[in-house]
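Peer 1: What follows is each chain in one-letter form.
Protein chains: 2
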Amino acid sequence: MPRARRGGDAYARAGVDVSKVRAIQSGLGALLSSTFANREGKFGQPAIGIGHYAGLIDIGGGRLLGMHTDGVGTKVLVAQEMGKFDTVGIDCVAMTVNDLICLGVEPAALLDYIALEREDDALVRQLSKGLAKGADESGTAIVGGETAILGDTIKGVGGRGFDLVSMGVGLVEKKAVIDGSKIRAGDRVLGIASSGLHSNGYTLARRLVRGLDLKKRVAELGMGLGESLLTPTRIYVKPTLKAIGKSDVHGIAHVTGGAFTKLTRLTGARKLRFSLTEIGDVRVPPIFGFLGRQGRMGRAEMYLTFNMGVGLCVVVPEGEEPEVLKAYRGSGFEGWEIGTIVEGEGVVVGSTRIS
Amino acid sequence: MPRARRGGDAYARAGVDVSKVRAIQSGLGALLSSTFANREGKFGQPAIGIGHYAGLIDIGGGRLLGMHTDGVGTKVLVAQEMGKFDTVGIDCVAMTVNDLICLGVEPAALLDYIALEREDDALVRQLSKGLAKGADESGTAIVGGETAILGDTIKGVGGRGFDLVSMGVGLVEKKAVIDGSKIRAGDRVLGIASSGLHSNGYTLARRLVRGLDLKKRVAELGMGLGESLLTPTRIYVKPTLKAIGKSDVHGIAHVTGGAFTKLTRLTGARKLRFSLTEIGDVRVPPIFGFLGRQGRMGRAEMYLTFNMGVGLCVVVPEGEEPEVLKAYRGSGFEGWEIGTIVEGEGVVVGSTRIS
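Taken in sequence, the protein lines are chains A and B.
Mapped onto my numbering, the consecutive letters of the first sequence carry residue numbers 1 to 355.
Mapped onto my numbering, the consecutive letters of the second sequence carry residue numbers 1 to 355.
In isolation and in its complexed conformation, chain A is listed as follows:
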């Protein structure tokens, strides 16, 4: 079976070495884990290693607090090029809460961090609109934040450079943590629809569309290119809480950086393979075909990089697929059966091994 190159040619050309980023993060994790001893036997004792979708700490009474932080990344540059700032706050919330829900954590409260190139009250107001909308969609409260003017650190388009980050916490019962350890051969993999690029792959996407008019309507996209690129990340919290309530969900993966190659985070070193032979059934948003042609990217390479229409993967015991898909569809989220867990290793998309 063909094996695609890890990391992706197109992505490397865009200046991001995904494997290097992972190496940095892993070295960091080892060093920082040494601090776990500081909470031994106290409130906040860490309950999971660094490197999963979120941190978990013990808050007593059989309950864990999930903690996670993430940013919008280079999607903020598209917002600056378009002069449209009221939706990236949704992405900012989505990146954090969608990762929390992967561990079964119900997100509860958020902080935001906005670093600005210059004071810009109007910009901050627009960003906040999106943040509040994301909080409402995810059922969370934004209880604080920081706005920093960092003219010597932040740059961007037309003096409106900014970085946008959120940090969130939420609750999960110890016995209800979904960390992938229950996944076994025969489980089914469901794909829940994305709205487009979400907040991942923008360093590459921006490179691929360089020189094109972002404001011009593109027939195959049914809208302008910039508008399509700015489509907010879907927030999967509410339907996923419903699904968890109805079914014995074995694993949940938010499809972001590293796209489908990251699924193996759920199964770790166990001899299990994500065999996504039915992924062809997914309705792929037209932006992906557009970008693929721009970059002359192969199909496998695209699944290494983009979510390709699947923003969330949910692994369930065979037979529970209909009930879980019903929970998502009832909330307006399309979903498909995209594959099966089999013995083996890595991730297969269609008939190509990508990881």
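Worth double-checking, as some hints may not be accurate.
Identical copies look the same in the list; a pair holds intra-copy or inter-copy alike.
For lysine-lysine, the following DSS-like pairs were computed, each having C-alpha atoms within a straight-line distance of at most 25 Å [to be verified]:
| id | residue 1 | residue 2 |
| --- | --- | --- |
| 1 | Lys238 | Lys42 |
| 2 | Lys182 | Lys246 |
| 3 | Lys155 | Lys238 |
| 4 | Lys84 | Lys129 |
| 5 | Lys174 | Lys238 |
| 6 | Lys42 | Lys242 |
Worth flagging that the hints you see were computed from the coordinates, not collected in a lab.
Using the hints, position chain B against chain A.
Peer 2: For chain B alone, coordinates are given in the frame of chain A:
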């Protein structure tokens, strides 16, 4: 009594309008508070308004979780100019945990966010060393984080630009929250020693030392200028927990952006004044005199901008001063009685009203 100009001339010349920053943050707070309704009656219901030292959410059993985020700001530029990256992580932790302890919250767990101009494994390792040291000093665990390569958003010195932020949570019993509401006329104000600039005032400080050789030894500083500017922020968590255990502490203020003008955050609209007539007793680190002369700043202006040797203010009932100062001194933290709460409003430093 003379009244200094709000905001400070020198700071405005450095391109930071402190009152504008506050206006942005307050407008943001109002919009984001609308999301509090999302947690009404649920885990994580907000228990304090936006704008105090930290957010507080209800986690049941009479307990609150404190949440706060802060960054190192432009001190990172000094680190870049000096090529020394192993201490700003301490500052990063300090900025978050010192704010949490102001509400009586014992910090427990942290996340870090590092945005980089380029992949730079060595840089991240150095930053992490400081983060781990700060966590150890504050008794916290770093349970996760995010490292983002944002070449089009982050800039700095020699390609080593970065932004460094932490987010922390901690525990406080509802009845033990220290929000300043118990402060009354006659209370005494204690000042706990800072190690220098901490992580505030660097946009101005960098402007004032522009053109000077950061690596050259300065006799009055007893070290190089850059080394002095990079001195890590002191972490007040452990001695403050001791002090809280021994005394009925009425209010705690971390002296950062806005310096002593921010003390009134503890007393709100109540008719109380911070009368810091004894602040002359404080041992002022020599860096402040050096910067003051560079910028020809007046004494009042300096107290609007810098901590002037006091990194933390602690308000206690009259008579409890010795016990509290003993708790800090026993942990190696010098402290002084710097003033009294009287009827009135604002903040008086020496004989000058600064707020």
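Peer 1: If a hint holds in the structure, say so; if it doesn't, say that too.
Peer 2: The hints, checked one at a time:
no. : hint            : in the structure
1   : Lys238 - Lys42  : between (32 Å within a copy, 15 Å between copies)
2   : Lys182 - Lys246 : within (16 Å within a copy, 48 Å between copies)
3   : Lys155 - Lys238 : neither (35 Å within a copy, 38 Å between copies)
4   : Lys84 - Lys129  : within (12 Å within a copy, 39 Å between copies)
5   : Lys174 - Lys238 : within (20 Å within a copy, 29 Å between copies)
6   : Lys42 - Lys242  : between (33 Å within a copy, 16 Å between copies)
Hint violations for this structure: number 3 only, all remaining hints satisfied.
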